[in-house]
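S.K.: Given next are the chains, with one letter for each unit.
2 protein chains.
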Amino acid sequence: MGDYPVHPDVTPGFLRRQLPESAPFHPEPDAFAAAMKDVRDLILPGMTHWQSPRHFAHFPASGSTVGALGEALAAGINSVPFTWAASPAATELETVVVDWLGKALHLPERLLFCGGGGGTLLGTSCEAILCALVAARDRKLAEIGSTRTGDLVVYCSDQTHFAFRKAAHVAGIPRDNCRALPTCRDDMFALSPTQLSAAMQADVDAGLVPLFLCATVGTTQTTAVDPIRDLCAVAALQGVWVHVDAAYAGSALVCPEFRHVVDGAEAVDSFSMNAHKWLLANTDCCALWVTRPALLVAALGTEQEYILKDAAAEGHDVVDYKDWSVTLTRRFRALKLWLVLRCYGIEGLRAHIRAHVRMAALFESMVRLDPRFEVVTTRQFALVCFRLRAPKKLGLSGEKKANEINRRLLEEVNAAGPYMSSANAGGIYMLRCAIGSTLTEERHVRDAWKVVQERATSLLRKMEMTYNVAASTY
Amino acid sequence: MGDYPVHPDVTPGFLRRQLPESAPFHPEPDAFAAAMKDVRDLILPGMTHWQSPRHFAHFPASGSTVGALGEALAAGINSVPFTWAASPAATELETVVVDWLGKALHLPERLLFCGGGGGTLLGTSCEAILCALVAARDRKLAEIGSTRTGDLVVYCSDQTHFAFRKAAHVAGIPRDNCRALPTCRDDMFALSPTQLSAAMQADVDAGLVPLFLCATVGTTQTTAVDPIRDLCAVAALQGVWVHVDAAYAGSALVCPEFRHVVDGAEAVDSFSMNAHKWLLANTDCCALWVTRPALLVAALGTEQEYILKDAAAEGHDVVDYKDWSVTLTRRFRALKLWLVLRCYGIEGLRAHIRAHVRMAALFESMVRLDPRFEVVTTRQFALVCFRLRAPKKLGLSGEKKANEINRRLLEEVNAAGPYMSSANAGGIYMLRCAIGSTLTEERHVRDAWKVVQERATSLLRKMEMTYNVAASTY
Chain A
131 MGDYPVHPDV TPGFLRRQLP ESAPFHPEPD AFAAAMKDVR DLILPGMTHW QSPRHFAHFP
191 ASGSTVGALG EALAAGINSV PFTWAASPAA TELETVVVDW LGKALHLPER LLFCGGGGGT
251 LLGTSCEAIL CALVAARDRK LAEIGSTRTG DLVVYCSDQT HFAFRKAAHV AGIPRDNCRA
311 LPTCRDDMFA LSPTQLSAAM QADVDAGLVP LFLCATVGTT QTTAVDPIRD LCAVAALQGV
371 WVHVDAAYAG SALVCPEFRH VVDGAEAVDS FSMNAHKWLL ANTDCCALWV TRPALLVAAL
431 GTEQEYILKD AAAEGHDVVD YKDWSVTLTR RFRALKLWLV LRCYGIEGLR AHIRAHVRMA
491 ALFESMVRLD PRFEVVTTRQ FALVCFRLRA PKKLGLSGEK KANEINRRLL EEVNAAGPYM
551 SSANAGGIYM LRCAIGSTLT EERHVRDAWK VVQERATSLL RKMEMTYNVA ASTY
Chain P
131 MGDYPVHPDV TPGFLRRQLP ESAPFHPEPD AFAAAMKDVR DLILPGMTHW QSPRHFAHFP
191 ASGSTVGALG EALAAGINSV PFTWAASPAA TELETVVVDW LGKALHLPER LLFCGGGGGT
251 LLGTSCEAIL CALVAARDRK LAEIGSTRTG DLVVYCSDQT HFAFRKAAHV AGIPRDNCRA
311 LPTCRDDMFA LSPTQLSAAM QADVDAGLVP LFLCATVGTT QTTAVDPIRD LCAVAALQGV
371 WVHVDAAYAG SALVCPEFRH VVDGAEAVDS FSMNAHKWLL ANTDCCALWV TRPALLVAAL
431 GTEQEYILKD AAAEGHDVVD YKDWSVTLTR RFRALKLWLV LRCYGIEGLR AHIRAHVRMA
491 ALFESMVRLD PRFEVVTTRQ FALVCFRLRA PKKLGLSGEK KANEINRRLL EEVNAAGPYM
551 SSANAGGIYM LRCAIGSTLT EERHVRDAWK VVQERATSLL RKMEMTYNVA ASTY
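Line order of the protein sequences matches chains A and P.
Quick note on numbering: our numbering labels position 240 of the first sequence as 370, and the sequence is numbered without any gaps.
Quick note on numbering: our numbering labels position 327 of the second sequence as 457, and the sequence is numbered without any gaps.
These aren't lab readings, by the way, just hints derived from the structure by calculation.
No residue lacks a Cβ here, since even glycine has one placed at the ideal position from N, Cα and C.
Warning: the hint list may mix true and false statements.
[Stated by the list, open to error] The calculated lysine-lysine pairs, modelled on DSBU-like cross-linking and capped at a C-alpha distance of 30 Å, are:
no., chain 1, residue 1, chain 2, residue 2
1, A, Lys592, A, Lys530
2, A, Lys592, A, Lys531
3, P, Lys531, P, Lys580
4, P, Lys233, A, Lys167
5, P, Lys167, A, Lys233
6, P, Lys270, A, Lys270
7, P, Lys580, P, Lys530
8, P, Lys592, P, Lys531
9, A, Lys522, A, Lys592
[As the list claims (entries may be wrong)] From the derived model, a few chain A residues whose C-beta atoms are all more than 12 Å from chain P:
no., residue
10, Gln368
11, Gly369
12, Arg488
13, Ser495
Turn these sequences into a full structure, and let the hints guide you.
M.R.: Shown next, in the form of structure tokens:
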């Protein structure tokens, strides 16, 4: 994977044009080998390589060999564990492995099966949030004796991932009833409990019903950490369901030094994280835990005759995972996660996280050493948000100009080799360097920084020339 | 897979009890080999083996070696093609392969990219229906200038898969606004356009707004086929979105002799089928096509700064699949489906479907030859719904008694080796023998029928003895 450009130099339609318009009627001789040749010649060169050691964009999709082997094995077994009876071992392994993972991440016991809650493995955070939201919605409507979803209000910050607003929209919450509360750089873009409290009170005063808060631990743009304990205290006053979306940063909780970011999580109703982002479980693997599984089952449960109840399960409180999620068909995701936890051990996972954090700290320190740049928000995990300061001597002050320079810088950096992405928080456009690919080593990080510096030098020189020309013209 | 019992003889907790309560801190030496030993010794013997040639329950999860290799390869590449830029080749292969599949299944061109529509690969039918439903909901509310989801009504039959009612519930349609119209055995449990028309009119008269019809081609219980052309004509009068759920039977459309079951599909708005059920694409792989992708994007689309827009994509009408589904993160499912289509060819897929249909016809003919049994609904694809008639000489007439006998018969059959399931339609409890495992051969079908006959003989003898004892007592 390391040999391909991380991002391909292709234009839309490049692949479609090279493939036939229909599937073959007769397979060609040795079709699999021919297909593998196309994989090598057409597909891999046209991919964005998330496994490349130079992939610093988005958040990582940190894969592992055992994770991939787990997927391969699950694909071969190809069972559909939608009820306990439909695959007892797959169901039970899932119940075991979500407890293993929850303990490894230092989650409160109330979220685990061993503490009266429970977890499941879904595809994505958006699914997880949607499940929690529908459970919360149904409970609240029952409580207030209403069916009017239009009265319900949900809360998040302006940094919360769009997945939440999408989930709320899907669940029938009007777009106008989604409060994305503003954050600011001085608060490291974290959601303010005071603002939340005021917003809820205003909604209550307007005759609306506060329903759900999606707090984030490690936002997508800048890895901001919302203050869970204080937010839960505010939410409790209005009987609001609190979900924590730790899609990215949840993996870091395997290290005790990050435990503090979920202080107060004992009071949350649900919690999700993507083990496929930074914990070596290949895509997809989103873990969702809830303190009251019965509420999920009440909202999403099904009973149909043809769904076999195993005689052996009668009288037992078995988990039928079809009742815990939107989907009925499901994959045997537990297998790969179990393999990852078992083959790496807690120790190995901590080493994996810490290596990335260390490399991110190195990148951050290099940025700080170059006075042309600034680190926009102090790094918390393995993402560095930085930007080129607008050079004052060019008279190019003002955020707008700085944003434009950094936009050009990102384009030039990405054209040159490493692949980074951007954020725009509080009006500030910044570059994001997210370290998390399994193959990334210190040299890749140093090289990436060197490219950034070189591109910045060349960009600033070009600008200076333009300025001089402009200055001599006028 | 064929060597394991299709359904394990285990009781709840069997696996949980054998595994440690937490993940290991240090991985044990050669942890992968140790884990594989546990897979062999603990997990595989505790699975329900969907790939077993004796798995006749539910619908099949027909897997293939190329499908599994495709999953393995995708897990190794581990990219997340949520936008075109996030993986150009993966996105384009998906657009190509949904057109290939749609053409192979004889779908109307309006549903394909080449005809102005378009498709995507999701996990499950429930997701597919939910996406279509949210698009329909948003369009309808905009049309009538309302935000009241509580006024919207959705339609299906009492045979429609629970996935639809779940999707409607998730999307905020009140449970009371879901009309599951009754079907009857005389109509082969198909949805009646006359009933649909009457129900819609009643709702309009009551001030409600007809929104969405979920028609099914191949219902889960008995593979009933709803009459699409006539239903679309009724739905059109009220501006109702028509979705066809062909989760199982969609695969059969690869054979021209089944094309007639979707007669009139030119008028539908969306169509979904599960290539993981009967078309050799290992779980999961649900294809959804829509005639107007813009409506999906309007309902589910997102715009955020950190989502990179590739410069190369500017000015092009690229597909960003994150805007076509509930989830943002997604797997590279197109790879395995492309491999399956390419390595089997249309010819190979037809042979695969026809072999199962032939075996099901054989099973059906054997049932018909035994006067103790009846085929409840004429077989249409590769599912046979049958039952033991209640023996009249025992005076055990009445559906209730017959249902009880057949329930016992299913239990005994499943304890003896093959794994079947049941349906309950129109008050009739029946056994379901769904043929579709890739490994199933004629001998497995003959063996399964022999087991059914033997268990029936023994069951009837036991009942007769009970009857004689009872008769001599009184």
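S.K.: Next step is simple, just say for each hint if it's right about the structure.
M.R.: Now for the hints, and whether the structure bears them out:
| no. | hint | result |
| --- | --- | --- |
| 1 | A:Lys592 / A:Lys530 | 18 Å, holds |
| 2 | A:Lys592 / A:Lys531 | 15 Å, holds |
| 3 | P:Lys531 / P:Lys580 | 24 Å, holds |
| 4 | P:Lys233 / A:Lys167 | 25 Å, holds |
| 5 | P:Lys167 / A:Lys233 | 25 Å, holds |
| 6 | P:Lys270 / A:Lys270 | 26 Å, holds |
| 7 | P:Lys580 / P:Lys530 | 26 Å, holds |
| 8 | P:Lys592 / P:Lys531 | 15 Å, holds |
| 9 | A:Lys522 / A:Lys592 | 15 Å, holds |
| 10 | Gln368 | 21 Å, holds |
| 11 | Gly369 | 20 Å, holds |
| 12 | Arg488 | 21 Å, holds |
| 13 | Ser495 | 24 Å, holds |
The earlier numbered hints are all upheld by this structure, with none contradicted.
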